[in-house]
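*Asks:* Listed below, chain by chain, are the residues.
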Amino acid sequence: MSRDKGSIMTTTISSAAPPTAPPKMPTSADAQLLSFAQSAELSVHDLYNIAINSGLLSADEKLMMQMFSDHHKEYAQSLNGLLGKDATNTRNESLYLTYASQLTSAQAMSRVLQSLENILVATHTDILSSLEGLDGVTLVASIITVEARHAAVFGTLPNANLSSALNNTASSLAPNASPATTTSETTVAP
Amino acid sequence: MNNFENLTRRELLKVSGLTIAGITFLASCGAQSGVTGTANIASAGTVPPTTALGEVVISDTVLLRTAASLEYNAIDTYTKVLDGGLLTGEYASLNDAIKRFRDDHVDHAAAINALVVDIGGKAHECANTRVNNLYVDPALKLITADGNADAARDVVTLAHALENLATQTYQGIVALLTKPQLRGDAMRVGQDEARHAVVLAQVLNPGYLAIGPTTDEATGKAKVASVPSAFGGLASIQISLGAPNSEGAKTSLSLETPSLNGLVYDEISC
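As given, the protein sequences belong to chains H and F, one line each in that order. Numbering-wise (the numbering used here), the first sequence opens with residue 1 and increments by one. Numbering-wise (the numbering used here), the second sequence opens with residue 1 and increments by one.
In case anyone wonders, no lab produced these hints; they're calculated from the structure. Please note that a few of the clues may not be correct.
Unchecked claim - Straight-line alpha carbon distances no greater than 25 Å define the calculated DSS-like cross-link-like pairs of lysine-lysine that follow: (1) F:K250 / F:K223; (2) F:K223 / H:K24; (3) F:K223 / H:K62; (4) F:K80 / F:K250.
Stated by the list, open to error - Covered stretches of chain F, as calculated for chain H (at least 3 residues, CB under 8 Å): (5) 96-106; (6) 180-194; (7) 197-204; (8) 208-214; (9) 223-229.
Please read these numbers as outputs of a predicted model, since none were measured by experiment. Glycine residues also receive a C-beta, built at the ideal position from the N, C-alpha and C atoms.
Given these sequences and hints, build the entire structure.
*Replies:* The following block contains the structure:
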């Protein structure tokens, strides 16, 4: 890597920011998207709790799912903090009901909850593509990387399956999302 | 009363010696005539000239070109690992995963460079020199040095660190990108790097109990975790590599995401 000849170097650092700097706090459009994200987080938190209380998991699996469940609660709480009075603090009932009935065995729980992690990654990534407020952008980005980790853990335990850990063909559930073409996931309207 | 009259020759020499030492010390602390005072700490030798950072614009193309450069750091590192046969013994079975990771990074680089071109920039198709100079090259030198019995494990440690570095880079640039659509595009790649990191973390510290943060009771250091925290962090990444020294300690490296002097500005070319 080298600098092209003739480039003039001075000591000024400037940013190519647009004429109007982006807002820090969520806009009203952001609030709708972040509220949707929060409702999805609360649904997945509750779905994890079904698995945790099912009596079908090993102690190790239960420990892992408790950690992931707690994370989703933290995401909902952080979104609540960002949204303030705009926060609904209610789960997405449609999402919850679609998957609650599928948690019938330990194996099914791992599969379904991994799918949900992948759905959340796709949903939040879609939401990120529309957010204007930088606080929301920063928060959602920091959630996406960890939910991707959750999904990958399900692909490595109890048995390592590289494709399962790395591939994500889930559809976004975000209200502004256009449907993906390569997925078998259930789309749930907000 | 003058007590000096009672001093022996030995005591007199002692007193005069201390006086001379004291004067020398005080003189070295004080300002000297003809010497310009400076707020800097005194130093010996000649200070090399510094090159000031030029007039630079941190635009979307710069941020994405920097991300692309990190993809090439990973591609080059994995190629060296595969071509050099560095994964041996129990780690040899990881070669297929490393090939998959490299292929993913090739795809990531192409996707990010396509975005760069779409927004009017120039694709950057080589590794970040600063990341190579500061982290990758020293790490590979430590790993391949004679006497390193843990070379294969160290390769996995380096790969894990690079995947985390890439994850953090994407997460970090998201709030700096001006176009919302680019943020989503960046995180589509960034979340993939996080998945790579989990696979490698489970190799370094396997099992359910290694998913969350844990501490090595013997050393007090944090163990490798698949999910180190509830939110993606941007802290520096600490790794220890190479043959242990006489005290049993490996060399530590601290990796940080590219900053102002590591960004791939528009005038930089491969």
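*Asks:* Please go over all the hints and tell whether each is borne out by the structure.
*Replies:* Verification of the supplied hints:
| no. | hint | verdict |
| --- | --- | --- |
| 1 | F:K250 / F:K223 | holds (15 Å) |
| 2 | F:K223 / H:K24 | violated (36 Å) |
| 3 | F:K223 / H:K62 | holds (21 Å) |
| 4 | F:K80 / F:K250 | holds (22 Å) |
| 5 | 96-106 | holds (count 4) |
| 6 | 180-194 | holds (count 11) |
| 7 | 197-204 | holds (count 4) |
| 8 | 208-214 | holds (count 4) |
| 9 | 223-229 | holds (count 3) |
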